[in-house]
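S.K.: Same order as they appear, the protein sequences are chains U and C.
Here the first sequence is numbered in the working numbering, starting from 1 and rising by one per residue.
Here the second sequence is numbered in the working numbering, starting from 1001 and rising by one per residue.
Just so you know, these hints were derived from the structure itself, not from any lab.
Now the in silico label distances, taken between C-beta atoms and shown as ranges:
{"#": "1", "chain 1": "U", "residue 1": "Gly92", "chain 2": "C", "residue 2": "Thr1604", "range": "53 to 61 Å"}
{"#": "2", "chain 1": "U", "residue 1": "Gly33", "chain 2": "C", "residue 2": "Glu1212", "range": "38 to 46 Å"}
{"#": "3", "chain 1": "C", "residue 1": "Arg1051", "chain 2": "U", "residue 2": "Asn155", "range": "44 to 52 Å"}
{"#": "4", "chain 1": "U", "residue 1": "Thr23", "chain 2": "C", "residue 2": "Pro1035", "range": "21 to 29 Å"}
{"#": "5", "chain 1": "C", "residue 1": "Thr1402", "chain 2": "U", "residue 2": "Ile148", "range": "43 to 51 Å"}
{"#": "6", "chain 1": "C", "residue 1": "Lys1441", "chain 2": "U", "residue 2": "Asn155", "range": "31 to 39 Å"}
Each computed SDA-like pair below joins lysine to any residue, with the alpha-carbon atoms no more than 25 Å apart:
{"#": "7", "chain 1": "C", "residue 1": "Lys1649", "chain 2": "U", "residue 2": "Glu149"}
{"#": "8", "chain 1": "U", "residue 1": "Lys141", "chain 2": "C", "residue 2": "Asp1712"}
{"#": "9", "chain 1": "U", "residue 1": "Lys25", "chain 2": "C", "residue 2": "Arg1108"}
{"#": "10", "chain 1": "U", "residue 1": "Lys146", "chain 2": "C", "residue 2": "Met1711"}
{"#": "11", "chain 1": "C", "residue 1": "Lys1649", "chain 2": "U", "residue 2": "Glu147"}
{"#": "12", "chain 1": "U", "residue 1": "Lys114", "chain 2": "C", "residue 2": "Gly1245"}
{"#": "13", "chain 1": "C", "residue 1": "Lys1706", "chain 2": "U", "residue 2": "Asn155"}
{"#": "14", "chain 1": "C", "residue 1": "Lys1434", "chain 2": "U", "residue 2": "Glu169"}
C-beta atoms are modelled at their ideal positions from N, C-alpha and C, and glycine is treated no differently.
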Amino acid sequence: MIKSKSSGKEKRIEAEMITVATTRKIIHLVVNGKDREVEVRPNELLVDVLRERLGLTGTKIGCEAGECGACTVLINGKPNLSCLTLAIECEGKNILTIEGIGDVERGNLHPLQKAFVEYYGVQCGFCTPAMILTAKALLEKDPDPKEIEIREAINGVICRCTGYMQIIESISAAAKAMKGNARE
Amino acid sequence: MPVSEKQFQYVGKSIPPRELFDKVTGRFQYVGDMPSELYGKILRSPHPHARIKHIDTSRVEKLSGVEAVLTHRDVPPRKLPRRDQRACYILEDHVRFVGDEVAAVAARTRAIAEEALDLFEVEYEILPPVFDPEEAAKPEAPQLYPGGNVYGPQFGMMIEKGLNEPVIMEWGEIEEGFKEADVVIEDKVEVKPQIHSPIESHICIARWRGDELTLWTATQSPYEVRMSIAHALDMPEGKVRIIYGAIGGGFGSKYIERYQPITVLLSKKANGKSTKIVLTREEELCHASRAGAKIRVKLGVKRDGTITAIYLKGFFNLGGYGNIIGGCGRFGEESPCLTYKYQNARFEGWDVHTNHITSQPCRGVALPTLTFAMENVIDQAAERLNMDPVEFRLRNLPETDTMMPVKPHKNPIYPRAELEAYPAQQILREVAEKIDWERFKGHQQPVFVEGSQSRGLGIAASQGWGGFCIGGFINETVIINNDGSVHILSGHTDLGTGSNTTLRQIAAEALGISIEDVTMATGDTLIGHFDMIGARGSRSMTTAGHLILVAIEQAKNKIRQMAAPLLEVEPEEIDVRGKKAYVKGDEERAILLRELLTSTVKCTVGGDPREWLLIKGTMWPMVAQGKKTRNPVVAASEVEVDLETGVVKPIRIITGNSPGRMINPTIVRGQYIGAAAMTLGMALWEEFKYDEQNSVYEHASLTDYKVPRAMDVPPIENVIIEEFVERPLDVGGPYGARGAGELAGLGIVASIANAIHNATGVRVRRTPMTAEKVLEAIEEKREKKK
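Chain U extracted, bound-state conformation:
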């Protein structure tokens, strides 16, 4: 291991090591609108349950320390870092991941997804699920955010590719589109 003063010592590893023998527990989650029952260790992280147990790999891992924001999901509508959230803390809660947005099977994208494509708010795509979910929570709270409010909302999610401009343009465009839809 490198010598560094990093304090973000991975919760996952400590947890896994301490509790290999600990009893598992069944929890109930509502993931993307579907009831899911999962048997978890008490120290298992939400991000691992989503990615490894439920196969929802759209949620990304970038730092495992709550710094990059790539693992953001919505818990009861609010952005949360799934790499810092224990799965058992989510008993009975509504969890929305990128897979739960839009109707992919029918080819219908959510207005945010459409705008991220059209305005090229995506380059490598690794932060994109977190950006879209964060933006979704913002627009539900404030359907007409100012640029600075968009910047504040997505400040916790790092994008290394775009310089944020086209992400902000995507979110603004989606807000307009959604307002238009609401009026109809």
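Position chain C against the provided structure of chain U, taking the given hints into account.
M.R.: For chain C alone, coordinates are given in the frame of chain U:
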């Protein structure tokens, strides 16, 4: 046969990349989304410089769940060739920086692998370290390699020995030039390493089936990975398959690295079980960087503003295993040395190994660093002559048809040639206008002061080599299917920049078909389409695009031959577009390709290594001799500095570039803004911190290492001048396009430094220009005044 703009269906259109649909729905599969049977971990050196006397792995091997252990005793006796870097063993008994690879383990779970790391017992013989590249260049310094720490200026995959000489680029007589000068400025700057920090860490999964290896990895340079691993393991390249279709950001960091062959060997020891290594964020932040550098510049100018001489001497920190392209980068093949009409010049670059983390090229390689060093003295020269910074630069910028360099090279790496389509002066004027340069009141006179807040403007010019186009680097195959649709096998790598889409646009345009009729295979070395250097130098689209157009022209010629007897004309009279062959000027006399073709028509081009040697005055070997294609670059910044705290807040940034002709304007703009934001981080916030006394990294998290966030980055606007020479389709950059990826990032650091000077009257000569450093400079100035 110049192309006419009117007929464009796809060129110049912002077509969204197809893979964005998968990226916005979470279905795009990265390497980390794939399962693996085993998880690998690397034991890293706690010492900056040491020899491993003994490693005891017995306790590791006994740990339940461990399936493979690897030390320097287990690696092949053949070195791992790495482009532009010293070849090295996969592991060895000599460690050269804190974090260097010592040993590795693969286990059934990640937790077991982590636990196993604590069970290695390693006895080190501590060697004296050296961290400063200038010190390390001295013969008496601790030696990291036999034969010396200086590495250059040679070039080649298997070069293992340094030459202990600097890279030199020189023309005219600088001593004469300084004699002619009325004013001579001398200064030095220091640039800290910048960590690439892609959000997806370095990652790979290796799996063996018999003697065949598959490696899934996020890499910018798959064929380099294949070649290196095959060589080190002494196996045929064809038995090494690299799958690299999804990359979560690279920025120059994702080439061949030791973690990949380490994973390969762990998997082999574990009977071929799939084995995954993913670097932690801490490892990611402590293993490779843009090279740190110390650069001295001496500039001579006449009273009328003519630059008579420049002498630049730089020491670039390659760290333990660094990459010379990530050092002075052989002065970017003249860029940015040709930014101005320097009458006499000497550029001297020392690429030196130290006991720091390894240097890797990072977006713009040495160009942002060199531009910062040079523009720092350019700005001071303008000040000393009491000239407006924009006027001073305009006086010295070359333009289209200027013969560059001004005098012939002393060591003719490149012949002199005229710059082609080079609107540098126009870009500078338009950038100045966009940032409202009229507000500039004079050097050290802020444009606006309120309380302790002082606003300043800064400008910088540079030049880039991006988007070069050498056919020898890469293979492209164009296949015209029986139905007239097209399939392309491409050696290039789409790093997430949308280059697959841009290339499909180019092909659809050239064949007059729908973009939906153009498919592309890339991302897997099984197609055997070599790319010598991978996605670097802003050249995926230009090189691959050019070669695709060459292949299309060849395919059309084959079709012309086939159609001529049926259409009863000579082949030259036939055009091939819109899935049919027809007589030029009479589209009614046509034959549909699906009726004409009984098999596919396939043409493969590129990969002729002789083309690498054919560079005669141009980066476009097939283009007119005596012309140089370079990218003029300008950046302007407005900053607000708090004189009490030293905090610098960027208010606005304008980039100025010439992409030739844009194939996909939204993608080009995205590249410009992204490059500007990344180098803004280098300028202001991203601080590599290493405690040399205690061998501890102090920046090893994204809380401590501050990459720009949405609230940090100001609006970034772009001046884009499309200027190009009309040529036949298969000659030069595709449709006149040049590269974009890095080219808006070259002048940002310099323009921020100059803006800080305008706001505060102080020059900050070390990056990142954090509040601490700015305040220190402000206070130093106040002391002097007293």
